[in-house]
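Number of protein chains: 2
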Amino acid sequence: MVNMSTDPTFLLLLLGLLVIMSNYGHFSSALRMPPIVVDVKKRQADAEINCSECKGPVYSLGLNTYQVPMALHELNRARLVQSMLEKLDSSSSSSSSSSRGVILLEGGKQTTRYDTDHEPVFRQESFFHWTFGVPEADVYGTISLPSGESTLFVPIYGLDYEIFCGSSPSLDNIRSKYGVDNVLPIDQLDDYIASQLDGSVDGINEDDDNGNVNDAQLHLLSGLNTDSGNYCMAAHYDGIEKYSKRRNTDTLFPTIVEARVFKTKPEIELMRYTNWVSSMAHVEVMKCCQVKMMEYQLESLFQHYTYTHGGCRHQSYTCVCACGPSPSILHYGHAGRPNDRQLLDGDIALLDMGAEYHCYASDITCSFPVNGKFSDDQLLIYNAVLSAQIAVITTLKPGISYLDMHRLAERAILKSLKNGGLLLGEVDDMIDADLGAIFMPHGLGHLIGLDAHDVGGYTETITRPRSERPGLKKLRTARTLEAGMVLTIEPGCYFIDVLLDLALANPKQSKHLCVERVNEFRGSGGVRLEDDVVITDDGCENLTVCPRASSEVLDVMNGKPWPPEKDVLPELRRNWVNNDNGKMVRYDL
Amino acid sequence: MVNMSTDPTFLLLLLGLLVIMSNYGHFSSALRMPPIVVDVKKRQADAEINCSECKGPVYSLGLNTYQVPMALHELNRARLVQSMLEKLDSSSSSSSSSSRGVILLEGGKQTTRYDTDHEPVFRQESFFHWTFGVPEADVYGTISLPSGESTLFVPIYGLDYEIFCGSSPSLDNIRSKYGVDNVLPIDQLDDYIASQLDGSVDGINEDDDNGNVNDAQLHLLSGLNTDSGNYCMAAHYDGIEKYSKRRNTDTLFPTIVEARVFKTKPEIELMRYTNWVSSMAHVEVMKCCQVKMMEYQLESLFQHYTYTHGGCRHQSYTCVCACGPSPSILHYGHAGRPNDRQLLDGDIALLDMGAEYHCYASDITCSFPVNGKFSDDQLLIYNAVLSAQIAVITTLKPGISYLDMHRLAERAILKSLKNGGLLLGEVDDMIDADLGAIFMPHGLGHLIGLDAHDVGGYTETITRPRSERPGLKKLRTARTLEAGMVLTIEPGCYFIDVLLDLALANPKQSKHLCVERVNEFRGSGGVRLEDDVVITDDGCENLTVCPRASSEVLDVMNGKPWPPEKDVLPELRRNWVNNDNGKMVRYDL
Numbered sequence: 001m002v003n004m005s006t007d008p009t010f011l012l013l014l015l016g017l018l019v020i021m022s023n024y025g026h027f028s029s030a031l032r033m034p035p036i037v038v039d040v041k042k043r044q045a046d047a048e049i050n051c052s053e054c055k056g057p058v059y060s061l062g063l064n065t066y067q068v069p070m071a072l073h074e075l076n077r078a079r080l081v082q083s084m085l086e087k088l089d090s091s092s093s094s095s096s097s098s099s100r101g102v103i104l105l106e107g108g109k110q111t112t113r114y115d116t117d118h119e120p121v122f123r124q125e126s127f128f129h130w131t132f133g134v135p136e137a138d139v140y141g142t143i144s145l146p147s148g149e150s151t152l153f154v155p156i157y158g159l160d161y162e163i164f165c166g167s168s169p170s171l172d173n174i175r176s177k178y179g180v181d182n183v184l185p186i187d188q189l190d191d192y193i194a195s196q197l198d199g200s201v202d203g204i205n206e207d208d209d210n211g212n213v214n215d216a217q218l219h220l221l222s223g224l225n226t227d228s229g230n231y232c233m234a235a236h237y238d239g240i241e242k243y244s245k246r247r248n249t250d251t252l253f254p255t256i257v258e259a260r261v262f263k264t265k266p267e268i269e270l271m272r273y274t275n276w277v278s279s280m281a282h283v284e285v286m287k288c289c290q291v292k293m294m295e296y297q298l299e300s301l302f303q304h305y306t307y308t309h310g311g312c313r314h315q316s317y318t319c320v321c322a323c324g325p326s327p328s329i330l331h332y333g334h335a336g337r338p339n340d341r342q343l344l345d346g347d348i349a350l351l352d353m354g355a356e357y358h359c360y361a362s363d364i365t366c367s368f369p370v371n372g373k374f375s376d377d378q379l380l381i382y383n384a385v386l387s388a389q390i391a392v393i394t395t396l397k398p399g400i401s402y403l404d405m406h407r408l409a410e411r412a413i414l415k416s417l418k419n420g421g422l423l424l425g426e427v428d429d430m431i432d433a434d435l436g437a438i439f440m441p442h443g444l445g446h447l448i449g450l451d452a453h454d455v456g457g458y459t460e461t462i463t464r465p466r467s468e469r470p471g472l473k474k475l476r477t478a479r480t481l482e483a484g485m486v487l488t489i490e491p492g493c494y495f496i497d498v499l500l501d502l503a504l505a506n507p508k509q510s511k512h513l514c515v516e517r518v519n520e521f522r523g524s525g526g527v528r529l530e531d532d533v534v535i536t537d538d539g540c541e542n543l544t545v546c547p548r549a550s551s552e553v554l555d556v557m558n559g560k561p562w563p564p565e566k567d568v569l570p571e572l573r574r575n576w577v578n579n580d581n582g583k584m585v586r587y588d589l
Numbered sequence: 001m002v003n004m005s006t007d008p009t010f011l012l013l014l015l016g017l018l019v020i021m022s023n024y025g026h027f028s029s030a031l032r033m034p035p036i037v038v039d040v041k042k043r044q045a046d047a048e049i050n051c052s053e054c055k056g057p058v059y060s061l062g063l064n065t066y067q068v069p070m071a072l073h074e075l076n077r078a079r080l081v082q083s084m085l086e087k088l089d090s091s092s093s094s095s096s097s098s099s100r101g102v103i104l105l106e107g108g109k110q111t112t113r114y115d116t117d118h119e120p121v122f123r124q125e126s127f128f129h130w131t132f133g134v135p136e137a138d139v140y141g142t143i144s145l146p147s148g149e150s151t152l153f154v155p156i157y158g159l160d161y162e163i164f165c166g167s168s169p170s171l172d173n174i175r176s177k178y179g180v181d182n183v184l185p186i187d188q189l190d191d192y193i194a195s196q197l198d199g200s201v202d203g204i205n206e207d208d209d210n211g212n213v214n215d216a217q218l219h220l221l222s223g224l225n226t227d228s229g230n231y232c233m234a235a236h237y238d239g240i241e242k243y244s245k246r247r248n249t250d251t252l253f254p255t256i257v258e259a260r261v262f263k264t265k266p267e268i269e270l271m272r273y274t275n276w277v278s279s280m281a282h283v284e285v286m287k288c289c290q291v292k293m294m295e296y297q298l299e300s301l302f303q304h305y306t307y308t309h310g311g312c313r314h315q316s317y318t319c320v321c322a323c324g325p326s327p328s329i330l331h332y333g334h335a336g337r338p339n340d341r342q343l344l345d346g347d348i349a350l351l352d353m354g355a356e357y358h359c360y361a362s363d364i365t366c367s368f369p370v371n372g373k374f375s376d377d378q379l380l381i382y383n384a385v386l387s388a389q390i391a392v393i394t395t396l397k398p399g400i401s402y403l404d405m406h407r408l409a410e411r412a413i414l415k416s417l418k419n420g421g422l423l424l425g426e427v428d429d430m431i432d433a434d435l436g437a438i439f440m441p442h443g444l445g446h447l448i449g450l451d452a453h454d455v456g457g458y459t460e461t462i463t464r465p466r467s468e469r470p471g472l473k474k475l476r477t478a479r480t481l482e483a484g485m486v487l488t489i490e491p492g493c494y495f496i497d498v499l500l501d502l503a504l505a506n507p508k509q510s511k512h513l514c515v516e517r518v519n520e521f522r523g524s525g526g527v528r529l530e531d532d533v534v535i536t537d538d539g540c541e542n543l544t545v546c547p548r549a550s551s552e553v554l555d556v557m558n559g560k561p562w563p564p565e566k567d568v569l570p571e572l573r574r575n576w577v578n579n580d581n582g583k584m585v586r587y588d589l
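Respectively, the protein sequence lines represent chains A and B.
Residue numbers for the first sequence, in UniProt numbering: 1 to 589.
Residue numbers for the second sequence, in UniProt numbering: 1 to 589.
Incorrect hints may have been included.
[Claimed, not checked] One-sided and incomplete, this derived list gives chain B residues near chain A with beta-carbon spacing under 7 Å:
1) Gly62
2) Thr116
3) Asp117
4) Pro135
5) Asp138
6) Glu162
7) Phe164
8) Asn225
9) Asp227
10) Ser228
11) Met294
12) Gln297
13) His304
14) Gly336
[Said to hold, decoys possible] To spell it out: a stretch of chain B is covered by chain A in this simulated footprint if at least three of its residues, at any positions, have a beta carbon under 8 Å from a beta carbon of chain A; those stretches are:
15) 103 to 113
16) 257 to 267
17) 495 to 505
If you are wondering where the hints come from, they were derived from the structure by calculation, not from laboratory data.
Ideal placement from N, C-alpha and C gives every residue a C-beta, glycine not left out.
Please work from the sequences and hints to get the whole structure.
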């Protein structure tokens with residue numbers, strides 16, 4: 001049989017066909033038509049049904065791990081296309097032509113450690129994963145505009161790869177697995193891009209004889225990540241340079257960032273799962289924690305629990321397992337401070353740990369006394385933070401400013417510290433003096449999604465700029481809250497020597513400090529409580545289901561079952577759930 | 001008090017002092033003297049004593065984790081300097097001047113995942129770690145030639161870093177912690193390099209008025225990693241370009257690579273520990289393994305055991321947990337094949353897992369029936385591989401070619417397959433027909449050290465080139481063995497459809513195959529056994545202490561204790577050890 005992929009006659013036929021299609025076929029059907037918004041809306045509606053009924057392919061790691069409908073990504077793509085078309089239409093003078101084009105995203109590449117052949121376990125790039133849900137490396141993906149047609153371009157490997165890494169599934173199997181419209185070998189990517197831009201391998205066709213403008217665009221992702229200060233780099237492959245006139249790097253990034261800020265129902269259910277798994281792992285760690293263990297043994301247990309019971313191969317971030325004075329180092333756990341302290345009698349443990357599943361994150365912090373008993377002073381700080389958590393969660397709803405929530409948490413903590421004899425004077429004066437940032441130098445929380453610090457915290461168009469005030473300037477978003485946003489709420493209160501010393505040297509702050517009482521707390525670390533909440537139409541739901549009341553914490557540490565029989569803190573809006581064969585089922589206590 | 005670090009008068013004084021020292025002081029003492037080989041030899045002798053007596057600073061992760069003497073790295077540095085001086089002397093026409101200079105190494109940088117602020121847990125670059133043993137990011141290190149004086153250059157962070165990542169220890173504390181001669185702030189690196197090259201901030205001093213040649217060299221690391229095909233990149237910082245005339249990238253790489261090939265006593269003891277921890281973890285996994293578990297649950301358990309009992313935060317490589325047919329994919333476990341199969345009754349599990357501690361690797365494979373019972377055919381393949389393992393380990397000694405060991409393993413396996421009725425004809429003919437590579441397409445093993453696939457497998461000067469023959473061409477080294485080398489011995493026998501089909505289509509190979517019998521084994525995966533051995537003066541020691549006899553495997557799976565009461569396979573040369581408060585203690589069964 002003729003090998004069709006290399007027979008020159010076949011290739012010429014194929015090229016001819018592509019040229020014909022690009023002039024008359026579906027690739028350019030929109031040239032003379034308005035955008036097929038109806039199609040996109042239908043795609044979106046279908047995806048929503050597929051998600052809610054869990055139709056079509058799913059991702060799962062077996063046993064009773066969560067079954068993620070791949071339609072989640074179909075829905076993301078439909079939402080993205082809808083937003084892109086709206087944006088392109090509104091910015092275009094001619095009615096429709098600029099809506100034509102193709103979105104190109106480049107998946108992550110398998111890396112090696114320095115010069116060696118050591119390959120860290122691959123984790124997909126988040127924009128690509130949001131769009132296509134493909135966990136493998138070295139893949140490209142496109143979405144046609146306005147049709148919304150999705151295509152994956154996958155590497156084709158040889159015999160050596162098959163022996164060492166396994167045979168590649170057929171293109172059709174990949175298509176079924178990920179629920180995309182097409183799958184093609186990666187060496188056809190350039191031809192495909194050309195066809196989408198009404199061109200061929202010989203070049204791009206510009207305006208035709210009938211006066212129709214051809215301005216189909218190649219949309220690439222490029223923009224600033226406001227959490228890292230790093231730039232997201234546009235997709236690249238050898239040969240893409242020839243489309244420089246059609247390259248558009250202005251539209252896609254802000255559009256996809258904004259789409260990622262608002263979580264869909266299936267995304268929220270998936271994050272409910274990662275929160276459930278991580279909450280149960282926190283409970284397990286609380287139960288097993290004992291004086292004389294090492295901090296890293298808690299990290300190891302958490303990772304083991306979430307992987308073996310939840311299928312979570314990756315953590316959302318490096319575990320912070322900070323005991324005794326360690327919690328005053330906010331990002332404890334990195335290579336320079338590797339969770340290597342021994343737990344001592346009387347220590348508070350602050351454990352900030354969250355697993356991810358199918359690249360969707362959780363981010364949870366629990367604090368508890370490692371010996372199972374709160375001292376009066378420990379309880380004072382614990383309840384100060386808990387009061388902040390309750391104050392914020394009972395206030396959250398659409399229209400509320402996240403900046404105001406940060407201030408609300410500060411107020412609750414300062415008020416408790418005043419009641420506990422650490423501070424003097426009016427809380428309003430303390431806020432004016434930036435005293436809140438002495439005890440909570442970090443922001444109240446952040447958007448969370450595919451990344452623990454998710455995109456969209458600050459954007460050029462719709463958010464107020466970052467505040468310059470201590471505390472507030474660390475806030476990873478200053479947005480007004482809207483339904484569908486998922487954020488962490490993580491108030492904390494720490495005793496950080498260098499900050500306390502600065503406060504003592506600052507008359508506006510020192511006048512509020514009861515120095516002797518404050519000094520009693522030096523070296524005691526601190527407390528943080530962190531939940532992941534989704535903003536609803538009239539308030540919020542708490543996805544995290546950890547022990548929060550001090551009585552709950554002590555009960556769990558004393559071996560009582562979790563979840564409890566009664567919810568003693570309904571104001572925390574914890575949604576009690578169970579995993580029923582890979583689905584999250586809610587119930588009332 | 002005057003802030004000396006910014007007072008211009010002080011800076012001028014310091015500069016003047018540096019210029020004086022560079023002309024008359026210890027920086028250039030070698031300009032008119034032969035290399036201080038005596039000093040270097042004394043450094044080496046001191047380091048050996050410090051290692052054997054565990055004097056000076058140690059690295060340990062607490063509890064009874066291994067106590068690594070930091071003198072291990074002092075010894076590495078002394079050996080490196082000694083080799084550098086020998087090489088530079090022998091290549092120099094003038095007797096000593098070219099031996100002067102400074103080695104500059106750049107430690108790894110903390111990276112972020114794509115454009116986000118997600119920071120993977122930092123793991124030091126291996127050449128840097130071998131030399132200095134510093135686990136933290138963003139550090140430079142130098143070694144002066146010929147004196148051997150070592151200096152670390154560390155970043156100095158500000159208040160924000162201290163709050164989020166912890167305060168930096170003092171320079172003196174860092175010096176004590178790592179056992180180096182000096183620690184300086186990173187912003188003094190360029191001045192220091194200049195001084196080492198007999199220059200100042202104004203430039204490099206060339207030959208002096210007395211006719212003395214100044215050709216002090218800046219030695220940078222640059223060369224090819226033969227396992228990955230990647231290049232190791234020379235240390236860089238802004239401003240280093242001005243030393244281009246003094247730059248030497250020829251000498252350091254081959255010298256340090258060759259030094260890394262030969263492990264010192266303290267390195268071998270450290271690798272004995274990682275092997276012990278990983279062996280015990282393999283035993284734990286064997287004990288807990290049950291039908292219906294998922295492959296990744298074995299991975300999770302192994303990681304948890306090695307971290308929580310051994311302080312191993314990193315694995316040497318991604319765990320291969322391959323059950324049923326999966327072992328026929330040699331690098332199973334990557335993101336495209338993520339250990340996600342369920343263990344079925346009748347499966348063989350092939351688990352290739354090894355943890356690292358203080359960046360020193362272990363690399364161990366066990367194979368066993370998940371239901372605790374070998375079928376006759378499974379036992380045939382298991383014993384075929386075990387016979388290869390025994391044949392090689394009883395033959396290993398200095399002077400033996402590793403290529404010959406690969407052939408020896410192939411012969412043992414082919415002979416067993418012939419005895420088992422899978423193959424026909426003479427084993428010699430099978431070898432000539434490359435039939436060994438059908439059943440074992442990978443190499444017998446590789447050098448191991450800081451990297452699982454350690455450097456030095458092929459070098460320009462002392463090793464024969466890579467063979468082109470199937471199987472042999474995958475061998476990661478073709479060296480003649482010498483005492484002090486640590487290598488993996490990992491024979492395997494797999495049933496890989498695509499290779500069996502190729503063999504059937506090749507008359508030279510197919511004539512040896514009993515097709516029906518071979519086909520009975522299709523889909524059964526395969527078996528690999530992997531030990532880490534150190535070549536001794538008269539043979540080898542096996543650092544891995546896993547169950548190997550099939551009876552040992554079944555005993556462990558049935559709950560019997562490990563290590564056993566009697567060593568039924570003394571020919572495997574397993575060294576029975578226990579961890580006594582962070583030291584490895586050997587004992588006889």
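Structure versus earlier hints - violations, ascending order: Result: hints 5, 16 break, sorted rising.
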